[in-house]
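Residue-level listing of the chains:
2 protein chains.
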Amino acid sequence: MRFAIDAFGGDHAPEAIIEGVLLAMEHYSDFDVILTGDEAAIKGELEKHGSDYTKHRARIEIVHAPDIITCEDQPTVAIKRKKESSLVKALRLVADNEADCFISAGSSGAVLAGATLLVKRIPGVLRPALAPLIPTLKDPVMLIDCGANADCKPEYLVQFAHMGTAYFKAVLGIESPRVAIVSNGTEEGKGNELTKAAYALLKDEKGLNFVGNCEFRDVMTGDYDVVVCDGFVGNAILKSMEGTVSALLKMLKSELMSSTISKLGAAMSKSAFKTLKSRMDYKEHGGAPLLGINGGIIKAHGSSDSTAIASAINQARKLVLGNITGEIERYVHNKTENEQ
Amino acid sequence: MRFAIDAFGGDHAPEAIIEGVLLAMEHYSDFDVILTGDEAAIKGELEKHGSDYTKHRARIEIVHAPDIITCEDQPTVAIKRKKESSLVKALRLVADNEADCFISAGSSGAVLAGATLLVKRIPGVLRPALAPLIPTLKDPVMLIDCGANADCKPEYLVQFAHMGTAYFKAVLGIESPRVAIVSNGTEEGKGNELTKAAYALLKDEKGLNFVGNCEFRDVMTGDYDVVVCDGFVGNAILKSMEGTVSALLKMLKSELMSSTISKLGAAMSKSAFKTLKSRMDYKEHGGAPLLGINGGIIKAHGSSDSTAIASAINQARKLVLGNITGEIERYVHNKTENEQ
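The listed protein sequences correspond, in order, to chains A and B. Under numbering that gives the first Met the number 0, the first residue of the first sequence is numbered 0, with each subsequent residue one higher. Under numbering that gives the first Met the number 0, the first residue of the second sequence is numbered 0, with each subsequent residue one higher.
Extracted from the complex, chain A is given alone in its bound form:
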């Protein structure tokens, strides 16, 4: 399989991207990459890695792309005008079937807009959805949608449930993932207009293991596999979690440093903190797949380091091995057949 990787997307590009690619290549031998971006800069960066680069040289292709889309660019405009950008060129490779999956740590808005405009939706998919896997007390939970669609209709949420289910089946091998709507109460009558209407549709929907509402505070218990919501609420949950983890660890640090004895205690517990940090760290969990697009799309975190990029590449491998695009196509096709 082959991945198109935007070498100039993200806060630490291109260094972290190149390093992440070589790191992933050390672990997995079943993929090649096409890196998009300034050719000379990419080559220069690769050559810094000496023998690590030489070893994997045959698996790396470069497609020159002199332009860069930044977070300041208006996404739709940038996709249309910056045809020579690393992001657009990488997406084109997936659109043209030159690559199986696209990976970028660049502007979320541009990735979403570009994937929809250039690679396009799978026919029958109402809206693509950003679907990160979030660490919980047990196995990770998929929160879908996490930001692709700020305003949703109930039917979109039903499709999100199916696309998430397809992911769990195809990629994670879980046959009957538990699907819930995230809401402000578990009872059927709880929620806003959108979730109440989606609940009414989901409880009669075939091919899903719909278990009802999941309270906001229970997303991280690990008792659900696929949690559906509109992209605004999903973003609220995801970013509130990130913000809370960050604030909590800062507070803990300042408390621990406030006395000599607790400072010493903290030093002794260092490995525990380290494990916790890595359990909570998005970097270990790869990027978020954008489901419903006619090709693999992985949006890595903007601040991705090389480990995060390697994780995102590993996630791309799983997406392609599980043929998630084909699975979603099959679901939409069957659904349309049944309704005719």
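Worth double-checking, as some hints may not be accurate.
Treat identical chains as interchangeable: a pair holds within one or across any two.
What the hints assert, rightly or not - In the DSBU-like style, the derived pairs of lysine-lysine whose C-alpha atoms are separated by at most 35 Å in a straight line are:
#, residue 1, residue 2
1, K79, K249
2, K252, K205
3, K79, K334
4, K168, K152
5, K276, K82
6, K262, K168
7, K168, K252
8, K47, K334
9, K252, K189
Hints listed in this document are in silico derivations from the structure and should not be mistaken for laboratory results.
Based on these hints, arrange chain B on the given structure of chain A.
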């Protein structure tokens, strides 16, 4: 001032309520209470406290209310039918001006429905809003609305901004609190239909220090005072924070207990963990005021212990001392005058 306290609301009622009242009375001498609930049970509970009770006896009145509204009751129905419940009787005392503020740790739905139906909105207030103060890295931030209105119109968010501002001025003495809309990006164009429309209204609104959008992850940075949102999103943020804190502390505990040395280290850092827990604990921050109602309403957390109840009583003191109801009335009045 006098508070009407639902002695039979909450997971630890009536024990925690009675104990919390006596605890608050030890600290502050400027209030009396009317406790509603089963008279014999309340008396029995009070008498367990011996001299602590005797000392404050003159400040405590009991209004017999044999019935209880539970979380299983449908709120609006329960308010109308369970006229002899501790919750309804306590609300009636505020409605009849027998008490200045109502406090309950009972069903949120019933408190919201009851306050609106019995105590009623301040004329001109479109929707009352639940407005807890949330711990941050600096001073607490008010998240308004946190659950009273699952679906909102842009005008509601504008009023929430004014009510929150009134609270900061009147209760906390902060003259020009920073108001933001919580959204999925800081730029003006970011958000869903609701927040974009609210942004357009708020940027031209007089009498507010509107600073733009606040990203979800930045709610806890302490860089904002009043953060407005619809009640569904507010609930998502608040409960995601609660869920994350709880999951994170559980993970940390299990990591710390995984080796002898880190266990020992944790024991040495115990005081730091304790301070952190109390900084993050809603119990130390009192309950959430319901703003926009024609009388003080405090919703305490369902699992409130005596400390939480004492904090909620202290918050009720501040609400009444700041005359928040009068301040919101004044804002609505001026607003209506200006528009005529």
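To see whether the hints hold, each was checked on the structure:
| no. | hint | in the structure |
| --- | --- | --- |
| 1 | K79 <-> K249 | neither (41 Å within a copy, 48 Å between copies) |
| 2 | K252 <-> K205 | neither (49 Å within a copy, 41 Å between copies) |
| 3 | K79 <-> K334 | within (33 Å within a copy, 46 Å between copies) |
| 4 | K168 <-> K152 | within (25 Å within a copy, 40 Å between copies) |
| 5 | K276 <-> K82 | neither (39 Å within a copy, 52 Å between copies) |
| 6 | K262 <-> K168 | neither (46 Å within a copy, 39 Å between copies) |
| 7 | K168 <-> K252 | between (40 Å within a copy, 33 Å between copies) |
| 8 | K47 <-> K334 | neither (51 Å within a copy, 65 Å between copies) |
| 9 | K252 <-> K189 | between (38 Å within a copy, 33 Å between copies) |
Against the hints set out earlier in the document, violations occur for numbers 1, 2, 5, 6 and 8.
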